[in-house]
Amino acid sequence: MLPNMKFYIVSIASIFLALAIGIYIGFSLNSKDFLIEQKEGIVEGLEKQFADLRSENDNLKNEMEGVEKENQLYKDFSKAVYPEVIKNKLNGIKIAIIETTDDYVYSGLGQDLKMAGGNVVSITTIKDDFDDEEFLKKIYENHNIAKKEGKSYVQQAMEDLTNYIITSEKSPIIDYLNEDNIIGTVGEYNEPVDYIIVAGGTKTEDPNRVNLIDKEIIEYAKKNSIPVIGIEKENVNYSYISYYKDLRITTVDNADTIMGKTALILAMEGRPGNYGVKSTSEELIPNVNYPITNE
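The opening residue of the sequence shown carries number -6 in the working numbering; numbering runs sequentially from there.
One or more of the hints may lead you astray.
[As the list claims (entries may be wrong)] 30 Å max Cα-Cα, derived DSSO-like pairs, lysine-lysine:
#1 Lys140 - Lys80
#2 Lys62 - Lys130
#3 Lys131 - Lys144
#4 Lys226 - Lys107
#5 Lys144 - Lys163
#6 Lys80 - Lys62
[To be verified] Here are the simulated distance ranges between beta carbons:
#7 Asn280 - Asn228: 24 to 34 Å
#8 Phe128 - Glu181: 21 to 31 Å
#9 Ile285 - Glu181: 20 to 30 Å
#10 Asn137 - Phe70: 51 to 61 Å
#11 Lys238 - Asp51: 43 to 53 Å
#12 Arg241 - Gln42: 54 to 64 Å
#13 Arg47 - Val179: 53 to 63 Å
#14 Phe70 - Lys120: 34 to 44 Å
#15 Asp199 - Asp173: 13 to 23 Å
#16 Ser145 - Asp168: 17 to 27 Å
#17 Lys216 - Asn81: 24 to 34 Å
#18 Gly143 - Glu61: 55 to 65 Å
Bear in mind the hints are in silico, worked out from the structure with no lab data behind them.
For every residue, glycine included, the Cβ atom is placed at its ideal position computed from N, Cα and C.
With the sequences and hints as input, model every part of the structure.
What follows is the structure, encoded as structure tokens:
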């Protein structure tokens, strides 16, 4: 009896073991089929997404090409009408350009101002070493040139230079500044000017330089009733426009573009404001329907 019972138990155990193995194998096969189906579904989904993205990219590319084409048409149109827009706007006005740093060059504006009827009589560049107080002090003291009470030597030199540019009255310091390559001068300084363009913007931030140089020019020009406008290129590392606005002068922040040059000339004709494309601007260009005023 016991041997038969033992055989019976072993047989039942074998049956359950075989059943378990069968279930496991079946589950494994089903899982494999499921994973294959899932993988195929993912691949199909990705292919569809890629197709959609490719289609969207093609549409965006076509739109961009259209925008670029339209933009080029606007540029071509602007270049075509620009000479006529600025023609005779500055007839007979004698202009001085003062570049307050040598980081950016603005001499190319001369041709545009000439097209508008203006006469750029001088272009002065203030070199980086101009704000060296000790160096300027030595020049003034070595040549016995007087300095006003309460002014730094940098401010005094800037006032003397600005006076020379405005009135053509030459201080002895001018020759020494030229000799030591602290300033660069192009043009004629033998006649008074009607308008000053202060061209700023720097590659490295230096707020103190603005106060010592640009502010001195602007305040001295105002004191002598000479209109002054502050400009810079569209892409400068550090903008001066906010400083110029604080000094309450007209500004153009993209003077190296057709729009900026147009704004500059229309503003100089008698439309004060803050023009350009940066956050500090108030309008893109002057409204020609506004009456011309004396700034």
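Hint-by-hint comparison with the structure:
1. Between Lys140 and Lys80 the CA atoms are separated by roughly 44 Å; this puts the pair beyond 30 Å, and the hint is violated.
2. As the CA atoms of Lys62 and Lys130 are separated by approximately 57 Å, the hinted pair breaks the 30 Å bound.
3. For the proposed pair Lys131 and Lys144, the alpha carbon gap of about 15 Å is at most 30 Å, so the pair holds.
4. Of the supplied pair hints, the one linking Lys226 and Lys107 holds, its CA atoms being roughly 19 Å apart against a limit of 30 Å.
5. As the CA atoms of Lys144 and Lys163 are separated by approximately 19 Å, the hinted pair is consistent with the 30 Å bound.
6. Straight-line distance between C-alpha atoms of Lys80 and Lys62 comes to about 28 Å, which keeps the hinted pair within the 30 Å bound.
7. Judged by the Cβ atoms, the range 24 to 34 Å given for Asn280 and Asn228 holds: they are separated by roughly 26 Å.
8. Separation of Phe128 from Glu181 is about 28 Å and conforms to the stated range, judged on CB atoms against 21 to 31 Å.
9. Distance hint check: the CB atoms of Ile285 and Glu181 are about 28 Å apart, consistent with the given range 20 to 30 Å.
10. Taking 51 to 61 Å as the suggested C-beta distance range, the pair Asn137 and Phe70 conforms, at roughly 60 Å.
11. Roughly 45 Å separates the CB atoms of Lys238 and Asp51, a value that falls within the hinted 43 to 53 Å.
12. Taking the beta carbon of each, Arg241 and Gln42 are about 57 Å apart, inside 54 to 64 Å as hinted.
13. With their beta carbons about 56 Å apart, Arg47 and Val179 fall inside the hinted range of 53 to 63 Å.
14. For the hinted restraint 34 to 44 Å between Phe70 and Lys120, the CB-CB distance of approximately 40 Å keeps it satisfied.
15. Taken as a hint, the range 13 to 23 Å holds for the pair Asp199 and Asp173, whose Cβ atoms sit roughly 20 Å apart.
16. Here the CB-CB span from Ser145 to Asp168 is close to 21 Å, well matched to the stated 17 to 27 Å.
17. Under the hint 24 to 34 Å, the C-beta atoms of Lys216 and Asn81, about 30 Å apart, fit the expected range.
18. The hinted window of 55 to 65 Å between Gly143 and Glu61 holds, with their beta carbons roughly 56 Å apart.
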